[in-house]
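For the sequence shown, numbering that gives the first Met the number 0 assigns the number 0 to the initial residue and increments by one for each residue that follows.
Everything labelled a hint here was simulated from the structure, so no lab data went into it.
Cβ coordinates follow ideal geometry from the N, Cα and C atoms, glycine included.
There's no promise every hint is true.
Ranges between beta-carbon positions, derived for each pair [as the list claims (entries may be wrong)]: (1) P352 - P441: 23 to 31 Å; (2) V416 - E109: 39 to 47 Å; (3) A22 - V449: 26 to 34 Å; (4) G192 - E314: 43 to 51 Å; (5) P441 - P279: 30 to 38 Å.
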Amino acid sequence: MQMPAPDTRVFDRKDQIVAQLRAVLPAAAVITELSETRAYECDGLTAYRCPPMCAVLPSTTAEVAAVMKICHDMDVPVVPRGAGTSLAGGAMPTADSVILGVAKMNDVIETNYYDRYIRVQTGRTNLSVTGAVETDGFFYAPDPSSQLACAIAGNIAMNSGGAHCLKYGVTTNNLMGVTMVMMDGTVVEIGGGHLDAGGLDLLGVICGSEGQLGVVTEATLRILPKPEGARPVLMGYDSSEVAGQVVTDIIQAGVLPVAIEFMDRPCIEATENFAHAGYPMCEALLIVEVEGSDAEIDAQLALIMKIAAKHNPVELREAKDADEAGRIWLGRKSAFGAMGQINDYMCLDGTIPVSELPFVLRRISEMSKEFGLDVGNVFHAGDGNMHPLILFDANKEGDLELCEAFGAEILKLCVEVGGCLTGEHGVGIEKRDLMHVQYDAPDLEAQMAVKDVFDPKWLLNAAKVFPLDASQTRRAI
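Using the sequences plus the hints, can you model the full thing?
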């Protein structure tokens, strides 16, 4: 993966830059030693690494603004970083950049149950947002698999989703307002504790912008009353195509489960060895969960079980109690970690129309044989957000490049059937040079023109999202 050559003019002024940063931050919040900056050299896409020039860990919006103004005035690239769980290289630094991490910014600022929102600093982890309100009967809906570790900052940057996004939507559907620091240090407030902000939908522009437009330091998030109850059902099938058809049939029947999750045999085997969730050994597994009152749950599951039974399941198991439901979800939430124990892998993030699931799963299986690399599939089947895990050997010469080529073909397939390159992981460096597959030149120009407005110098999260040649030209201008 090509990265731009560092700006030597920035290195020549490193001591001056660091001195100015230390003048506005506590000494411990500016990290310059190589042995320490290596902790920030990559994110969850560990195949590519590059230590930053330095890293800073501010604690307040005012400190972020001071850092941004210094970097703007001295033409220093800034790479915003949440928890570093991005799987697309979204938080990977360039050698001449300052990593701006929000890990120390994790306070709850305000909780309003009447208007149903919570305002937090964006370094707070996803799961801890629900943790702050669950004793009062509320929860925060987006629940990515990394929710124990990932930060709200990264969720906003990548428009993250999760297993329950089928019913509750992704981050953009649960984001009400932000405090954002522009590249020149200006602090802006967009949206807030009300249903819809007036004027242009700038929240829609910011959410999913991958740190290209500003650094979000505070967020107002929609919280919801916890449902009366929820119950998952486990379905096992002899083929991925059949399981994909079951998903299509459930959606077409007009039922709206809170989640529909898919796992194939490689993931089932790895997960069962890791989490011992009691999964059946079959070719494909679905977890379908519904929620509501006992009567609502019973009615929805009756229809879902009827649909599932028509496709000759290997196993059809409804959770009988909270312990069994927890074990069913433990397996799904452990899938990525379980796969990591058995092989190096690259996790993709294409989205497709649900009706295309059977076809796309068949083509991925065929391409797996063509490229000679195994694939494990685990994904949010209800909204077509696929996460194929391509297995490869990082120590085998040429395997990474083969894996990338295979991944590119899968993502192109997603676009060909009417989907897109990414659902929740972002473009980062992983997919930036595939952007032309989904967008033509005028489309990309329009997107880059938006960045021109927010970040005229193109200093924010350099070498991400847009094809490298285009972004380098923009920065030079």
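Here is what the structure says about each hint:
1. Between P352 and P441 the beta carbons are some 25 Å apart, a value that agrees with the proposed interval 23 to 31 Å.
2. Between V416 and E109 the CB atoms are about 44 Å apart, so this pair conforms to the stated range of 39 to 47 Å.
3. Taking the beta carbon of each, A22 and V449 are about 33 Å apart, inside 26 to 34 Å as hinted.
4. Between G192 and E314 the beta carbon distance is about 46 Å. The supplied range of 43 to 51 Å therefore holds.
5. Checked against the given bound of 30 to 38 Å, the beta carbons of P441 and P279, roughly 50 Å apart, lie outside it.
Against the hints set out earlier in the document, a violation occurs for number 5 only.
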